[in-house]
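Could you build the full structure based on these sequences and the hints that come with them?
These protein sequence lines are chains A and B, in that order. Going by our numbering, the first sequence opens with residue 65, and the numbers climb by one from there. Going by our numbering, the second sequence opens with residue 65, and the numbers climb by one from there.
Certain hints may be false.
Quick list of the computed label-pair ranges, beta carbon to beta carbon [to be verified]:
| # | chain 1 | residue 1 | chain 2 | residue 2 | range |
| --- | --- | --- | --- | --- | --- |
| 1 | B | Glu-233 | A | Arg-294 | 40 to 50 Å |
| 2 | A | Gln-77 | B | Pro-70 | 18 to 28 Å |
| 3 | A | Arg-280 | B | Arg-379 | 41 to 51 Å |
| 4 | B | Gly-183 | A | Glu-169 | 50 to 60 Å |
No wet-lab data here; the hints were simulated from the structure. Beta carbons are placed, not taken as given, at the ideal position from N, Cα and C, and that holds for glycine.
2 protein chains.
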Amino acid sequence: MPDTPPVTLRDVQDAAARIKGVAHRTPVLRSRTLDELVGAEVFLKCENLQRVGAFKFRGAYNAASRLSAAQLAKGIAAYSSGNHAQAVALAARELGTTAVIVMPEDSPRAKLEATAGYGAEIVTYDRYTGDRVAIGEALAAERGLALIPPYEHPHVIAGQGTAALELIEEAGELDALVVPVGGGGLIAGSATAAKGLLPGIRVVGVEPEAGDDTKRSLAAGHRVSVPVPRTIADGQAADIPGELTFSLNQRLVDDISLVGDDQIGDAMRFAFERLKTVLEPSGASGLAALLAHRVAPLPRRIGVVLSGGNVGAERFAEIVAG
Amino acid sequence: MPDTPPVTLRDVQDAAARIKGVAHRTPVLRSRTLDELVGAEVFLKCENLQRVGAFKFRGAYNAASRLSAAQLAKGIAAYSSGNHAQAVALAARELGTTAVIVMPEDSPRAKLEATAGYGAEIVTYDRYTGDRVAIGEALAAERGLALIPPYEHPHVIAGQGTAALELIEEAGELDALVVPVGGGGLIAGSATAAKGLLPGIRVVGVEPEAGDDTKRSLAAGHRVSVPVPRTIADGQAADIPGELTFSLNQRLVDDISLVGDDQIGDAMRFAFERLKTVLEPSGASGLAALLAHRVAPLPRRIGVVLSGGNVGAERFAEIVAG
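In structure tokens:
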């Protein structure tokens, strides 16, 4: 009897029922210009239009919603400098509880304010001397909070997979699904949903060239770390895959494409000029792989997750105005 | 017996049937943050995601598609420095005919290239010494082309009205519809559709403070011109309402709100940061009126047409990065 994977299609479907009416069912965008440039039919799942501006809310809410009433009365916690911070803060507010978020003290003010704006308590640390995991765990233990990790948790992964579930419900049969890879939670959940629904689908991850830890790990057959990546795709600057996410991705991911920062910038510019939509660098990497013809062999009908749109105006202007 | 207006709900419905499958049925966006800021339920019709990046394609295609086969064999023409140029060029291509577009020789290169990219022939003129109407009419007469005006035509107006038709189909009962006003075609068509479907709906136009020709004209009871408006909302820089559009808007428009350039910039920034969507200044003016609390009394359920998203990267960066 084959062993049951830690996250199944059924888990993703359960997550979909839980987030319904709380998370947005984000639109699927089409563009004839894009189809012509790529040479295929492309379906863009706009997670930049998700609440908090990224797919992260799906997993954070699914995980938080499964905590006991007693735990919710005590509160939840997370450590993140990125979109997961806002996602957990909003999930806490939606569930009527409180969140403590551990963030670097030099986080962009906009991110600190956005997280605080959802009612979370922010605890800052020095990213050069502090250990965010230790701080988060100590805080959680001391105050009895439930820690919601950014990807190493089956409920988080199942939640992220709902993006692919909705995409396939709307687009129908797809030959391939292209998903950005950071810690690996989005692709693990999405691949679980996609292969559960369409066993023949090819799942292609996209990493920045400087942060190809998952590609190297898949080739090596075990988790491999790379030097801390220097890339504009800050949401994908992981240096080693998660343990749980890697165990899933080893079974489910067919290939990893790599894209350079220039190609990510080109994709952000294309999204701005032609799709009129705002993508953060990590959110554009799947689109970048297609525009740079780095998905081969080329599928006929392709789903792509545009994973987020949180980028400051100045940074965006710098990249898009070139 | 009341006289029949030159454009009716039926005309808009006919236009909807004609553009189906050719124009995009653009998404309707919701935002809880926006609803909280405004204090109402707001439904955003994303015409920035329309083909050519603006609502203009609806009217141009509807008008062009009604020409005889003999006329289509000869070709069509338009004069425009803005979105109507691209709209007519694309409509011609879709209908298998050719377009000649009269554009100022100092038009932004991106606009000239985009229009040419749809296969149109560009005829340039000096905007300080040339008369685009005379040039367009002479060209049309000489070559036997059908001239498609940007708003002074019942088929163009009926086509633009399909934006409101779709919005109401999707959002259901609305108390008010907020629509940017330039030459007046979009609001004339939209008001025709909206009041035909929902007789009690309030239709509110939005003009830039510097270009309040329609507001003044409605107050005066006849068409009044204003000095050539200086505003960032280039698509709304009309100095006098159209004759046909004004005759419709006199019957159908309940009120005009005015917004300043700063408020339009704020709305573009809000759309960028919170909605992750790109709006050109004219496309943001309806949203600006709501965010600046210039729609009073405040309706409970409000539809807003985000009319376009064509803005160069540098200009966008300048406005949004503030």
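These are the hints, each one checked on the structure:
Here the CB-CB span from Glu-233 of chain B to Arg-294 of chain A is close to 49 Å, well matched to the stated 40 to 50 Å. One distance hint, 18 to 28 Å for the beta-carbon pair Gln-77 of chain A and Pro-70 of chain B, is violated here, with the actual separation near 53 Å. Hint check: Arg-280 of chain A to Arg-379 of chain B, Cβ distance near 42 Å, so the stated range 41 to 51 Å holds. The hint said 50 to 60 Å for the Cβ distance between Gly-183 of chain B and Glu-169 of chain A, and at roughly 56 Å that hint holds.
Comparing the model with each earlier hint shows a violation of hint 2 alone; every other hint is respected.
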